[in-house]
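With chain Y's structure known, arrange chain Z on it following the hints.
One letter stands for each residue in the lines below.
Number of protein chains: 2
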Amino acid sequence: MQPEVYGADDFLASAMVSKSPLTLDAGAFLKEREVSASYEVERAPLGTLPKWHLGDRLSHASGRFFTVEGLSIRTDFGPVPHWCQPIIVQPEIGILGILVKRIDGVLHFLMQAKMEPGNSTLVQYATTVQATPSNYQRVHGGRSTPYLEYFMEGTRRRVLFDQLLSEHGFWYLYKRNRNMIVEVPEDEDLPVESDFTWLTLGQLRHQLMLGNRVNMNARTVLSGISYGAADSDRLPCAEQSDGFHAELLKSHRTLRSAADLSGVLTWLIDQKAKFSSDVRRTSLRDMDEWICDADSIRHRDGRYFDIIGMSIQATSREVGTWWQPSLEPRAGNVVALICQRRAGVLRFLVQAMVQPGLTDRLELAPSVQFSPGYHRGPQDFPPLTEYLDAPESWIRLKAVQSEDGGRFFRADTLHLVVELPEDHEIEAPDNYRWMTLALLNRMTHFGYHVNVEARSLAACLL
Amino acid sequence: MQPEVYGADDFLASAMVSKSPLTLDAGAFLKEREVSASYEVERAPLGTLPKWHLGDRLSHASGRFFTVEGLSIRTDFGPVPHWCQPIIVQPEIGILGILVKRIDGVLHFLMQAKMEPGNSTLVQYATTVQATPSNYQRVHGGRSTPYLEYFMEGTRRRVLFDQLLSEHGFWYLYKRNRNMIVEVPEDEDLPVESDFTWLTLGQLRHQLMLGNRVNMNARTVLSGISYGAADSDRLPCAEQSDGFHAELLKSHRTLRSAADLSGVLTWLIDQKAKFSSDVRRTSLRDMDEWICDADSIRHRDGRYFDIIGMSIQATSREVGTWWQPSLEPRAGNVVALICQRRAGVLRFLVQAMVQPGLTDRLELAPSVQFSPGYHRGPQDFPPLTEYLDAPESWIRLKAVQSEDGGRFFRADTLHLVVELPEDHEIEAPDNYRWMTLALLNRMTHFGYHVNVEARSLAACLL
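Chains as they are written, first to last, in our numbering: chain Y, 549 to 1010; chain Z, 549 to 1010.
Calculated from the structure, these hints are not laboratory results. The C-beta atom is built at its ideal place from N, Cα and C for all residues, glycine as well. It is possible that some hints are incorrect.
Cβ-Cβ distance ranges computed for the label pairs, FRET-style [unchecked claim]:
1. Z:R890 / Y:G611: 40 to 46 Å
2. Y:D652 / Z:E701: 51 to 57 Å
3. Y:D604 / Z:E736: 55 to 61 Å
4. Z:E701 / Y:E741: 24 to 30 Å
5. Y:A807 / Z:R890: 33 to 39 Å
6. Y:I974 / Z:D737: 55 to 61 Å
7. Z:R705 / Y:M700: 44 to 50 Å
Isolated chain Y, as found in the complex (with noise of 0.2 Å):
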């Protein structure tokens, strides 16, 4: 929703820049942190963690953190009408921000190695600042988040994006950040905390094309990034990237015509208003099919997801141990983007697709979105999940990211990108449309318009 594109060039640029004099090696530090501290994370019991409480939620204590409350589904998209499920609710707005600034001419994030309990690969790339209302509003003991002064009310410096981005409608009700990035200027001097090193937009697009190395909240504010549009077909940096990426580039710059972007608006609210959801919270005890029981809370053949106990000792860190739920889906997400040379533009096909958590119903998801645990079998597999089986001549892209490893376990999805050659003809239904990178990107900067997977996705493609 900003009205203008703010840093394109200078994003693009540093897209370019593949090295940097600040971190030689991107991994090393991953790396390095990642020996430096060493943490055991277990599954618990539920009814074993401390000051959490299974009745007809489960809650902390304290009335903090979050809540996991039953949610009962009814709705004329997809296969299935009516289904209940547990669901994490957390109404508050945590930030989620990147600090840049131009440093010898090309713009660098300042990101953080940050260890999160529930991914796989431990440390991983973060955004400058991860922090929750109790974390920037009250005034509380404890270490302070280093940086986050330049994220507040009054304080900031250039603002070039700030939206609230929706997160898994499937696992959050109405689960809303604010994706944020701010420039420093050049003269102004900034410590680099331990954790903390600066990096170019073309060596977080290496990380990202590694898999496991950037983390789910840094990859949603990636996804902000605009390169803005190019008058001609020459691009300034063609001659530095491969076919793939120049046509990336090309499809980022396209111009969007205001007509375009109506367009995709209408349509849309078409989709919002052809399909329906009826969302209610329930208690847990009344979710037919489901068991919660001092294990965990589990659907009675093993469909959906878990959510289980998660023990978590550092042992290098003032916090010591401490326990937390956690969810933990199915193994064997994928999320696939199809993409193809149509008008001489690298289109990506997207959905329209009905979410629970969603706040209004309906975003833009990828192709293909494709949850194990949410399909009864064969019969129930979205559209178009016979392109996950693509010929390995056709992927662009294939790497697992992780999600969100402080609320789920092991959440690990395979990102897919697909390109179909030009006399390849496929058919998709009508919530389906093509849009370039372009397009996508000015829907991201809307709000509630891309959902987080499609998001992922596209910061995989800057």
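Just chain Z now, with coordinates in the frame of chain Y:
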């Protein structure tokens, strides 16, 4: 959220035309329609409403229409941290659409003289189409909705405005309708059905200033009209406007810089992060302080509003008699916009206001939104209430407008616009902000950013 302003010049030109050969007397047309059919509208005990059942919620046997449910609200916005109230739940997205067409060089609006049982003035100008999904999706018997096809997917002409906008956040849970303005080409033949007539925007403006002539649904759609930005102080039509209207036009046509807009959006997110709001649906039976019986649903101290039954007898319509529940507010609702010339342009003081039924916690609201039912007494009155008693010479608009008479019973709201002298100093809390009409209109185009009370006032400032 429209990317740019469509039809701006045509709208402005139409606003300056106060007479049209197509409808010589807009007031007389309404009067004729009113006498051509007579209605008797009476209060009826809830228990006598056929097919409506009062249990944990109030619902229709068919599952259609809407339900009235209980709501429990906790918020740190305003003086009351916790309360319960009934709320209308109607998740369907209806279409509120106005057809416009250039006739003899002037844009005309096809308005319907429509009876709504709850209104004090029964027949008012309504949008060309007010349709729910049961009208436009399902095949069913009965008269089809005239002109509906012009608003449907694939058959629209030129879409000038299309946005999902919220409705009364104290009375509806997450309610929104699709607000549309669609232009029909000049050469397209469009028969005018009985009860319909063509008005210029100038004629509509006059009806709006009189009060109780243009219904709520029409007002919210009209609030989407933009006049576009003027490059200089000189307004093409200024000579035809009185002093205050010329000031309004200038405020409408002031260029909005990208920085202004982005500043407002960031400030609004600040407000969303600052205030909490936790809303839970409950059984009507679980609401302390509320009485639910065969007569009505009402607060034990007579606060908030009542849910009553309404019987409607139409003497000349095929429908004959029908019954429905209705919400009757306490009398005395006032909404006021305070404005002042600041830096040479008229600016309006709006507030970021939490309301329990809003989709995303808060939206921009009028300077004062005064609902007697919600205040326990003067100690609860909202900031700036004293300006409701501003000297007569400061008052620029004073008109009673009705809320949706299809749902609400005698919900009349006094609309006030108060212009402060330039040297008058006013202090408002941090969640208040001055905006030109141009900026406020831009926020309306973004979707869930301007509440229906503020939009209703904005429609009176065209």
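Against the structure, the hints:
no. : hint                        : result
1   : Z:R890 / Y:G611: 40 to 46 Å : holds (43 Å)
2   : Y:D652 / Z:E701: 51 to 57 Å : holds (53 Å)
3   : Y:D604 / Z:E736: 55 to 61 Å : holds (58 Å)
4   : Z:E701 / Y:E741: 24 to 30 Å : violated (53 Å)
5   : Y:A807 / Z:R890: 33 to 39 Å : holds (36 Å)
6   : Y:I974 / Z:D737: 55 to 61 Å : violated (41 Å)
7   : Z:R705 / Y:M700: 44 to 50 Å : holds (48 Å)
Comparing the model with each earlier hint shows violations of hints 4, 6; every other hint is respected.
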